[in-house]
Amino acid sequence: MKTTRIVLLALLALVVVSGLVACGQPTPQVKEVIKEVPKEVIKEVEKQVVVTATPVPPKAIEAFIFGAQGEPVALDPGIITDGISARVTNQIFQGLVKFDKDTTNVVPDLAEKWTTSDDGKTWTFTLRKGVKFHDGTDFNADAVVKNFDYWKNTKNPLHKAQVDAGQTFEYYEAQFGGFDDDSIITKVEAVDPATVKFTLKEPQGPFLNNLAMFVFVFWSPTGLEKAGINSGKNPVGTGPYKLVEWKASEQVTLEAFADYWDKPNAAKMKRVIIRNIPNNAQRLLALAAGEVHAVEGMDPASVAAIQKDARFKLLLRPANNTGYVAFNYKVTEFQNPKVRQAFAQAINKDAVVKAFYGGTGMVAKEFQPPALWGYNKELEDWKYDVDGAKKLLADAGIKGDLAEVTFDGKKVPLDFWYMPVSRPYYPNPKDIATAIAADLAKAGIKVNLQTVDWATYLDKRAKGQLPLYMLGWTGDNGDPDNFVCYFFCMDAKDTPTMREGFVADKGVSDILKKAAAMTNQADRAKLYQQAEKLIHDKVLRVFIANNQPPLAFLKNVDGYIPNPTGTEYFNTVVVK
1296 MKTTRIVLLA
1306 LLALVVVSGL
1316 VACGQPTPQV
1326 KEVIKEVPKE
1336 VIKEVEKQVV
1346 VTATPVPPKA
1356 IEAFIFGAQG
1366 EPVALDPGII
1376 TDGISARVTN
1386 QIFQGLVKFD
1396 KDTTNVVPDL
1406 AEKWTTSDDG
1416 KTWTFTLRKG
1426 VKFHDGTDFN
1436 ADAVVKNFDY
1446 WKNTKNPLHK
1456 AQVDAGQTFE
1466 YYEAQFGGFD
1476 DDSIITKVEA
1486 VDPATVKFTL
1496 KEPQGPFLNN
1506 LAMFVFVFWS
1516 PTGLEKAGIN
1526 SGKNPVGTGP
1536 YKLVEWKASE
1546 QVTLEAFADY
1556 WDKPNAAKMK
1566 RVIIRNIPNN
1576 AQRLLALAAG
1586 EVHAVEGMDP
1596 ASVAAIQKDA
1606 RFKLLLRPAN
1616 NTGYVAFNYK
1626 VTEFQNPKVR
1636 QAFAQAINKD
1646 AVVKAFYGGT
1656 GMVAKEFQPP
1666 ALWGYNKELE
1676 DWKYDVDGAK
1686 KLLADAGIKG
1696 DLAEVTFDGK
1706 KVPLDFWYMP
1716 VSRPYYPNPK
1726 DIATAIAADL
1736 AKAGIKVNLQ
1746 TVDWATYLDK
1756 RAKGQLPLYM
1766 LGWTGDNGDP
1776 DNFVCYFFCM
1786 DAKDTPTMRE
1796 GFVADKGVSD
1806 ILKKAAAMTN
1816 QADRAKLYQQ
1826 AEKLIHDKVL
1836 RVFIANNQPP
1846 LAFLKNVDGY
1856 IPNPTGTEYF
1866 NTVVVK
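Counting from 1296, one number per residue, gives the positions in the sequence shown under my numbering.
Think of the hints as simulated: they come from the structure by calculation, not from any bench.
It is possible that some hints are incorrect.
Unchecked claim - List of simulated lysine to aspartate or glutamate pairs, EDC-like, C-alpha gap at most 16 angstroms:
1. K1660 to D1645
2. K1450 to D1476
3. K1633 to D1818
4. K1441 to E1484
5. K1424 to D1554
6. K1424 to E1550
7. K1482 to E1465
8. K1801 to D1786
9. K1660 to D1805
10. K1788 to D1805
11. K1542 to D1554
12. K1633 to D1680
13. K1492 to E1550
14. K1563 to D1853
15. K1521 to D1645
16. K1427 to E1586
17. K1833 to D1676
18. K1424 to D1397
19. K1482 to E1497
20. K1563 to E1545
Taking the hints into account, I'd like the entire structure generated from these sequences.
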C-alpha cells in the first residue's frame, strides 16, 4: 500500500538520522574544501626543542541552508499567494510595518511612526531616512506611491501586462476590496519625501495588519521598471538579503546586503540558500547528512524522533492555519447542501489527524483556528457518520454511487485534487487525500485522485478549474478578516469568486464586510462568530485540521523565530 511505502521511507530517514548523527554533528558546507595544514612551531623550554602541530582553524560557516518543501512560484510579492514563495521574498523586501518576532503585534519597519484621523479614514506614515534599495535607489514616499499604483491601478502598464500574462494581484483585491474605484484605498500621496498619506473610503479595522502582510512590501521603482513582466525572477527590495541566483528546481541563493539600513539587525550570515526538497523523508535525510541546517514539514514519526534527540532542535510554529476540502459550485451536485453535508459526515477527521499530524495537529471545526479572536467556540462540528452520509446523498436524489458529476454543464468523473507539496496544514497531502478518498468511498462517493506541479495547481485553482480540491490557509495578519473574508467576501458587484470555486453567499459576505468596516474588536468578533456558524451550517467547505508546523534544526543553529503567520526572517539566524 502507498501508506506503507511512505511509513517505510520515514523510518528509513529516521535510521539514517540516528546513524549519521551518532557519528558526530554534521556541518553543511557550500561546495568548499577546507584543508588543515600543520605548521611547525619551535619552542625552547629548558634548553629542549619541542615540535608541536598547530592546525589552521576551520573556516567559519558562511551560509545558512534551509530545506524547503518546494520551489517558489515567483519572487514578486504583489502577485504571489503561496508560502513557499513568501519565505524567499520575506528576506528581500520590507513594508511600512511588520509583525513583531513571534506575535502578530504590528511594529514599525520602513515607517518610523504613524497617526490616524479621528474618523479612521486617513493614515499618515513618517518614513525612515537613509534607506536604500538593493540597486542603490533611495526609498521614499514616492516609492510607496508607485508600488501601490502597481497593485491597485488596472491602467498601470505593468499591472495590465501582468494580468494579460495570467498573473493576478489576488491579495490586494481581497484585502482592500478590489482595484481602481472599488478599492477601499482612494488615494496614496507623497506629502513630502519622508511622509506618505493614505485616504480610505471608510474605516477598515484590519488596515494596519493588512499593511504588515508579506504582500505589501516595496520594490525599487527603478528595479520594477527594469524587470517589467519578468518581475517574478528579478526582485529588488530593501531587505537584509538580496537575490544572487535562482537555479530552477534546485535552490535560491541570497547574499547579505552591505548597505542595509538597520545595522544592529543586519544579516548575521553572508549567504542564505533555500533548497528545493519536496519529499519529507528526503528533507530529513538531507538534514541528517549535513546538507542543510534546517527543514520544515515532517512525517509524524520523524517529529517524535527529533523531539527525543538532543542533537537536533525542534521548534513548533503556533497553530494559525487550516486545511480544508473545497467544493467548486460549477458542479451541479455541490449546489445541494445535502450533498456537501454528506462529504462533511463521511470524512473521519479524528482518524486523519491521529494518523498524519504526529501529535501537532487538531481537528478543525471551522475556518479560523482557535487562537484567533473571532473563533466560535460554541460551534458543534458535524459528526462522522457513514450511514448518515449515505442517507443525505439519497435524500439529495443521488442514485447509486456518486462517481460522476456535472461540471460546468458537462458530465465528468469526480476528480479530487491534492497538492503536490507538503504545506503546514497538510504535512502529507497525498496520504491525507488517499485516506479521505477511502472514507468517501465508504459512503458511496467515488473520487479519482489527481495532482499536478505546484504552480499549475495554484493556477487551476485561481481559474476555477478544480471541481473538488484540497488546500489550506495560514493566516497572514492575525485578524479574522484575513482568514474568512479573503475566501467568502464577494466583490463590489457581488459576483461569485472564481478563485474560490465560484462560492457565492451574499449573507455571509455582507456580515464579513460589515465586520471589516468596524474598529471595535468585541463587536467585530460577534460578527465573525456569526459568519462562521453560517459557513458551517451551509457546509460551504469542509475544514479538516489545524496544525502546529514543526521545524527541525541542527544543534548549531540559533536565532530562528517562528511566527504564527509564517512570516519569518533569516537575518537573525546564526550557524555556529
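(request) Assess, step by step, whether the Cα of K1633 is no farther than 16 angstroms from the Cα of D1818, and give holds or violated. (result) Violated, at roughly 32 angstroms.
(request) Given the hint that K1542 pairs with D1554, test it: the Cα-Cα distance must not exceed 16 angstroms. (result) Answer violated: K1542 to D1554 is near 25 angstroms, above 16 angstroms.
(request) Please work out if K1492 and E1550 have their alpha carbons no farther apart than 16 angstroms. (result) 33 angstroms, violated
(message) Given the hinted pair K1521 and D1645, is their Cα-Cα distance within 16 angstroms?
(response) 52 angstroms, violated
(message) Given the hinted pair K1788 and D1805, is their Cα-Cα distance within 16 angstroms?
(response) Status holds; Cα separation ~12 angstroms.
(request) Mind checking the alpha carbons of K1482 and E1497 for me, to see if they're no more than 16 angstroms apart? (result) 12 angstroms, holds
(message) Against the 16 angstroms threshold, does the CA-CA distance of K1563 and E1545 hold or violate the hint?
(response) Roughly 24 angstroms between the alpha carbons, so the hint for K1563 and E1545 is violated.
(request) Compare the distance between the alpha carbons of K1633 and D1680 with 16 angstroms, and conclude whether the hinted pair is satisfied. (result) Given that 16 angstroms is the threshold and the Cα spacing comes to 14 angstroms, the pair holds.
(message) Please verify whether K1660 and D1645 have alpha carbons no more than 16 angstroms apart.
(response) 11 angstroms, holds
(message) Just to be careful, I want the Cα atoms of K1424 and E1550 compared with a cutoff of 16 angstroms; is the pair within it?
(response) This hinted pair is violated, its Cα atoms lying about 23 angstroms apart.
(message) Check whether the Cα positions of K1424 and D1554 lie no farther apart than 16 angstroms.
(response) Given pair K1424, D1554 holds - Cα atoms ~13 angstroms apart, limit 16 angstroms.
(request) Take the C-alpha atoms of K1424 and D1397, compute the straight-line distance between them, and say whether it is at most 16 angstroms. (result) Measuring from Cα to Cα gives roughly 27 angstroms; hence the hint is violated.
The structure does not agree with the numbered hints 3, 6, 7, 9, 11, 13, 15, 16, 18 and 20 stated previously, though it agrees with the rest.
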